[in-house]
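Novice: Start from the sequences and build out the full structure, keeping to the hints where you can.
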Amino acid sequence: MRLEPKPAPSLAVTLLYPAGAILATILIASLLVLAAGANPFSVFGLVLKGAAGSQFALVETLTRATPLIFTGLAVAVAFRARLWNIGAEAQLYAGAVITVVLGTGALPLPAPILLPLLAIAAAIAGALLLLGPAVLKVRFGVDEVVTTLLLNFIMLLFVSMLLEGVLKDPMGLGWPKSQSLIAEARLPRIIGNRRLHYGFVLALACSAAVWFVMKKTALGYEMRAVGHNAQAARFAGMPVNAILFKTALLSGGLAALAGFSEVAGLKGNLTLDLSPGFGYSGIVVAMLAMLNPLGVVVAAIFVAGVFVGADAMSRSAGVPSYIANVMVATALLTMVTAIMLSRYRVRWR
Amino acid sequence: MTAAPVLRLAAITKRFGPLTANDAISLDLAKGEVIALLGENGAGKTTLMNILFGHYVADEGTVEAFGKTLPPGDPRAALDAGVGMVHQHFTLADNMSVLENIVLGTEPLFAPRLRRKQARDRIRKLASDFGLQVDPDRQVANLTVGERQRVEILKALYRDARILILDEPTAVLTPLETDALFATLRKLVADGMSVIFISHKLHEVLAISDRVVVLRGGKVVGERRTSGATRGELASLMVGQDIERPAIAPPVTGAALLSLRAASTRAPDLRTQLASIDLDLNTGEIAGIAGVSGNGQAALSGVLSGTVPVVSGTFEIAGRPVSIWTPSASLASGIARIPEDRHAVGAIGDMSVMENVISEQYRTRRFSRTGLMDWHAARTFAEEVIRDYDVRCPGPDARIRLLSGGNMQKLILGRALDPEPAIILANQPTRGLDVGAIAYVHKRLLEARARGAAILLISEDLDELLTLSDRVLVMSEGRLSPPSMRGERSVREIGELMAGRGEVLPSPRSRGEGARRADEGRHHAP
Numbered sequence: 001m002r003l004e005p006k007p008a009p010s011l012a013v014t015l016l017y018p019a020g021a022i023l024a025t026i027l028i029a030s031l032l033v034l035a036a037g038a039n040p041f042s043v044f045g046l047v048l049k050g051a052a053g054s055q056f057a058l059v060e061t062l063t064r065a066t067p068l069i070f071t072g073l074a075v076a077v078a079f080r081a082r083l084w085n086i087g088a089e090a091q092l093y094a095g096a097v098i099t100v101v102l103g104t105g106a107l108p109l110p111a112p113i114l115l116p117l118l119a120i121a122a123a124i125a126g127a128l129l130l131l132g133p134a135v136l137k138v139r140f141g142v143d144e145v146v147t148t149l150l151l152n153f154i155m156l157l158f159v160s161m162l163l164e165g166v167l168k169d170p171m172g173l174g175w176p177k178s179q180s181l182i183a184e185a186r187l188p189r190i191i192g193n194r195r196l197h198y199g200f201v202l203a204l205a206c207s208a209a210v211w212f213v214m215k216k217t218a219l220g221y222e223m224r225a226v227g228h229n230a231q232a233a234r235f236a237g238m239p240v241n242a243i244l245f246k247t248a249l250l251s252g253g254l255a256a257l258a259g260f261s262e263v264a265g266l267k268g269n270l271t272l273d274l275s276p277g278f279g280y281s282g283i284v285v286a287m288l289a290m291l292n293p294l295g296v297v298v299a300a301i302f303v304a305g306v307f308v309g310a311d312a313m314s315r316s317a318g319v320p321s322y323i324a325n326v327m328v329a330t331a332l333l334t335m336v337t338a339i340m341l342s343r344y345r346v347r348w349r
Numbered sequence: 001m002t003a004a005p006v007l008r009l010a011a012i013t014k015r016f017g018p019l020t021a022n023d024a025i026s027l028d029l030a031k032g033e034v035i036a037l038l039g040e041n042g043a044g045k046t047t048l049m050n051i052l053f054g055h056y057v058a059d060e061g062t063v064e065a066f067g068k069t070l071p072p073g074d075p076r077a078a079l080d081a082g083v084g085m086v087h088q089h090f091t092l093a094d095n096m097s098v099l100e101n102i103v104l105g106t107e108p109l110f111a112p113r114l115r116r117k118q119a120r121d122r123i124r125k126l127a128s129d130f131g132l133q134v135d136p137d138r139q140v141a142n143l144t145v146g147e148r149q150r151v152e153i154l155k156a157l158y159r160d161a162r163i164l165i166l167d168e169p170t171a172v173l174t175p176l177e178t179d180a181l182f183a184t185l186r187k188l189v190a191d192g193m194s195v196i197f198i199s200h201k202l203h204e205v206l207a208i209s210d211r212v213v214v215l216r217g218g219k220v221v222g223e224r225r226t227s228g229a230t231r232g233e234l235a236s237l238m239v240g241q242d243i244e245r246p247a248i249a250p251p252v253t254g255a256a257l258l259s260l261r262a263a264s265t266r267a268p269d270l271r272t273q274l275a276s277i278d279l280d281l282n283t284g285e286i287a288g289i290a291g292v293s294g295n296g297q298a299a300l301s302g303v304l305s306g307t308v309p310v311v312s313g314t315f316e317i318a319g320r321p322v323s324i325w326t327p328s329a330s331l332a333s334g335i336a337r338i339p340e341d342r343h344a345v346g347a348i349g350d351m352s353v354m355e356n357v358i359s360e361q362y363r364t365r366r367f368s369r370t371g372l373m374d375w376h377a378a379r380t381f382a383e384e385v386i387r388d389y390d391v392r393c394p395g396p397d398a399r400i401r402l403l404s405g406g407n408m409q410k411l412i413l414g415r416a417l418d419p420e421p422a423i424i425l426a427n428q429p430t431r432g433l434d435v436g437a438i439a440y441v442h443k444r445l446l447e448a449r450a451r452g453a454a455i456l457l458i459s460e461d462l463d464e465l466l467t468l469s470d471r472v473l474v475m476s477e478g479r480l481s482p483p484s485m486r487g488e489r490s491v492r493e494i495g496e497l498m499a500g501r502g503e504v505l506p507s508p509r510s511r512g513e514g515a516r517r518a519d520e521g522r523h524h525a526p
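Residue numbers (the numbering used here), protein chains in the order written: chain A, 1 to 349; chain B, 1 to 526.
The set of hints was computed from the structure by calculation and includes no laboratory data. Backbone N, C-alpha and C fix where the C-beta goes; we use that ideal spot for every residue, glycine too. Honestly, I wouldn't trust all of these hints.
Mimicking DMTMM-like on lysine to aspartate or glutamate, the simulated pairs with C-alpha atoms at most 25 Å apart in a straight line are [as the list claims (entries may be wrong)]:
1) A:215 - B:350
2) B:117 - B:100
3) A:216 - B:397
4) B:201 - B:167
5) A:215 - B:374
6) A:246 - B:350
Computed Cβ-Cβ distance ranges for the label pairs, DEER-style [to be verified]:
7) B:250 - A:340: 30 to 38 Å
8) B:395 - A:212: 21 to 29 Å
9) B:388 - A:131: 51 to 59 Å
10) A:128 - B:144: 26 to 34 Å
11) A:166 - B:326: 52 to 60 Å
Specialist: Shown next, in the form of structure tokens:
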């Protein structure tokens with residue numbers, strides 16, 4: 001087997017690759033469903049119904065997609081500049097911690113002032129958290145994959161410490177959870193009593209903003225140049241280190257907004273199970289979107305749909321909802337393969 | 001040579017989409033023969049060799065080695081049939097020894113020690129038989145480019161190659177190393193080896209080959225016995241037109257725009273540093289730096305590009321000492337840079353032509369305001385450069401990686417020369433380019449000189465250096481020789497300085513009389 005480079009395909013062809021990857025994912029997952037003794041058609045029918053079969057299902061999917069859009073954008077931005085941020089999970093929790101610290105009564109402000117303030121404070125916390133690994137990378141050549149990945153565990157333990165200590169809710173019956181946010185710090189809901197909140201709108205706005213930055217601004221141009229060839233970018237006079245720092249700030253900030261949005265929009269307090277791996281799933285989302293900020297929204301809704309749909313399916317079909325994790329992980333692998341196939345032609349002999 | 005050919009390419013055709021890279025090319029190679037394959041960039045030489053070696057599959061035609069047809073697309077079969085290829089970009093593993101690199105792929109990974117010893121002995125014998133001196137136990141990372149090439153040739157010999165293909169083998173070599181390579185090739189040929197030698201350089205082609213096959217636009221346009229061929233004839237076959245020799249007017253030298261005094265560098269990633277050099281770049285003049293690669297040219301080029309700081313001595317531009325020194329400061333002081341490695345440093349391969357031409361100027365008001373890019377202006381500029389510099393490419397949106405070396409260099413030239421820079425650093429500006437592109441680059445540099453730019457030309461091509469430079473300085477072990485004016489030093493004298501282990505010869509003015517007289521017809525030395 002050999003690989004030959006291909007010229008850049010058209011947009012329509014480019015879109016075929018993620019579609020093919022998703023199809024391959026479903027085929028592979030079908031084998032597992034068969035192994036579990038169920039009918040793949042009925043199982044995937046149930047997944048689809050659970051993800052988008054009713055207004056309730058659709059709203060659930062979009063609610064679940066919200067943090068994934070933020071973390072997906074964070075990863076897409078960083079990967080574009082070849083800053084391998086695997087630590088969106090940690091940055092998410094940093095944003096959540098700040099939201100809880102400032103939003104449980106410390107700042108008695110009206111909602112229109114308090115909410116932007118919380119969002120900005122959360123973003124700054126996440127941005128600074130990623131700045132550390134970026135500085136280590138630039139100054140000492142420390143691999144940011146290692147540092148950002150390990151920071152996830154450090155952050156989780158740190159949050160655990162906070163929830164058992166200073167942030168512990170005295171009224172929480174001993175559970176490791178924080179106090180609840182004050183009413184002014186809660187993001188309002190969009191449709192009546194449904195769980196979908198304005199964090200989703202913020203996520204869409206961020207996606208558009210990131211698209212604008214990447215396409216239309218000098219910073220986006222610099223980030224892409226550094227990602228493609230840092231040596232040439234440096235030679236052309238681009239401040240490569242500063243660009244990497246700005247990328248880190250942007251990426252960390254976006255991931256932290258996921259934490260803000262989950263706490264202020266959905267949960268209202270902080271617990272250790274705030275994120276079932278949204279930071280890691282963000283990598284899948286960004287890859288499925290081929291790092292395109294607008295594609296991230298579509299990919300996040302797809303991944304969220306798989307999780308939400310699988311939950312509903314497992315209740316009625318008896319196939320464990322872990323099938324969703326398998327599907328998302330498989331989607332990452334098939335997508336990486338598809339991206340390779342979009343760039344190279346495979347010759348078999 | 002009437003015996004059956006050892007290698008026969010029969011009517012090879014290869015198309016890439018609408019482009020026909022090879023159009024019914026036929027070629028016979030006899031035992032003990034050296035064929036030179038001559039052609040411009042994009043003439044189809046490399047494609048043809050890749051088909052022969054099985055990297056590509058031809059759309060039509062067959063490859064026969066020693067009377068047997070090779071299965072298409074199978075490098076293994078080509079290797080087994082005795083075809084060895086030395087690529088332009090070497091394919092060695094840096095972290096392994098010479099021995100390991102050579103035996104790699106010829107035996108099981110966990111070979112017993114005894115076989116290692118046999119292999120080492122065999123390599124030593126091949127090396128001494130054919131003048132390919134290199135220690136089998138050294139690590140490849142520590143070898144010079146010339147030594148690496150020897151390892152590549154040894155690799156082919158170790159696999160019992162009877163046909164050797166060399167793709168631009170001299171592009172990376174010093175004149176001395178080139179001579180050594182030719183000596184090796186002659187020994188190999190005497191031993192029955194057949195060689196295909198791909199090159200742009202006419203004098204090398206004439207020196208080493210028995211027969212020259214000229215490709216243009218994917219077709220064989222001419223075939224000559226080397227003994228009866230002339231340089232001019234081959235050149236016009238290759239480019240399809242007479243090469244325009246730039247007429248060199250005498251320099252109108254003005255003030256020193258850039259000056260280094262006792263300047264030294266200490267850049268951690270460079271092997272040779274500048275050791276207290278003096279250099280003036282004057283307006284309207286080309287200063288040429290001759291020297292074997294690796295003698296401090298990278299440091300000097302880095303100093304002008306802004307990537308290497310001067311740690312002692314003085315560095316002045318337009319009479320003002322340089323303080324903070326970065327690539328952007330270098331650009332801001334009006335220095336245009338044509339880097340040595342256009343792929344790794346000069347261009348961002350996966351970005352478009354448009355995105356590449358603005359990479360040094362995107363922060364100016366012309367291309368961005370308050371951080372917002374003006375892509376319309378960028379596109380206009382890209383179209384200008386494509387038109388003014390005759391860049392052959394599909395358009396501003398084409399990925400620059402898809403351009404040929406010559407077209408990429410024209411684009412870099414267009415980027416560097418706009419808006420008219422006061423100082424130009426041209427580091428190996430024509431390396432790997434075809435004759436037409438070389439003439440074009442020379443013409444542009446001379447135009448810049450005519451309008452008063454101060455140009456520093458660093459080149460390993462002595463012909464080029466002596467043709468273009470008003471003043472020549474020789475670099476050796478980080479030091480610069482005193483300058484000589486055009487035609488003052490003979491090639492032999494410059495060669496001595498290049499090899500000279502640091503000792504400074506007496507002033508060239510007292511020695512260069514003969515050379516000056518000989519060149520009087522062509523040049524107007526002041």
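Novice: Please work out if residue 117 of chain B and residue 100 of chain B have their alpha carbons no farther apart than 25 Å.
Specialist: The given pair, whose Cα atoms are some 12 Å apart, holds under the 25 Å limit.
Novice: Falls inside 21 to 29 Å, the C-beta gap from residue 395 of chain B to residue 212 of chain A?
Specialist: Given range 21 to 29 Å: holds, Cβ gap about 25 Å.
Novice: Is residue 201 of chain B within 25 Å of residue 167 of chain B, Cα to Cα?
Specialist: holds (12 Å)
Novice: Given the hint that residue 216 of chain A pairs with residue 397 of chain B, test it: the Cα-Cα distance must not exceed 25 Å.
Specialist: Given that 25 Å is the threshold and the Cα spacing comes to 16 Å, the pair holds.
Novice: Compare the distance between the alpha carbons of residue 246 of chain A and residue 350 of chain B with 25 Å, and conclude whether the hinted pair is satisfied.
Specialist: holds (22 Å)
Novice: Given the hint of 51 to 59 Å, check if residue 388 of chain B and residue 131 of chain A actually sit that far apart at their C-beta atoms.
Specialist: This hint is violated: roughly 44 Å between Cβ atoms.
Novice: Checking one constraint from the list: CA of residue 215 of chain A to CA of residue 350 of chain B, max 25 Å. Satisfied?
Specialist: Distance ~16 Å between residue 215 of chain A and residue 350 of chain B Cα, so the pair holds.
Novice: For the pair supplied as a hint, residue 215 of chain A and residue 374 of chain B, confirm whether the alpha-carbon distance does not exceed 25 Å.
Specialist: holds (11 Å)
Novice: Within 30 to 38 Å or not, the Cβ separation of residue 250 of chain B and residue 340 of chain A?
Specialist: Roughly 58 Å apart at Cβ, these two residues miss the hinted range, so it is violated.
Novice: Do the Cβ positions of residue 166 of chain A and residue 326 of chain B conform to the proposed distance bound of 52 to 60 Å?
Specialist: Taking Cβ atoms as reference, residue 166 of chain A and residue 326 of chain B lie about 45 Å apart, which means the hint is violated.
Novice: Does the hinted range 26 to 34 Å hold for residue 128 of chain A and residue 144 of chain B at CB?
Specialist: For residue 128 of chain A and residue 144 of chain B the Cβ distance comes to about 47 Å; the hint is violated.
Comparing the model with each earlier hint shows violations of hints 7, 9, 10 and 11; every other hint is respected.
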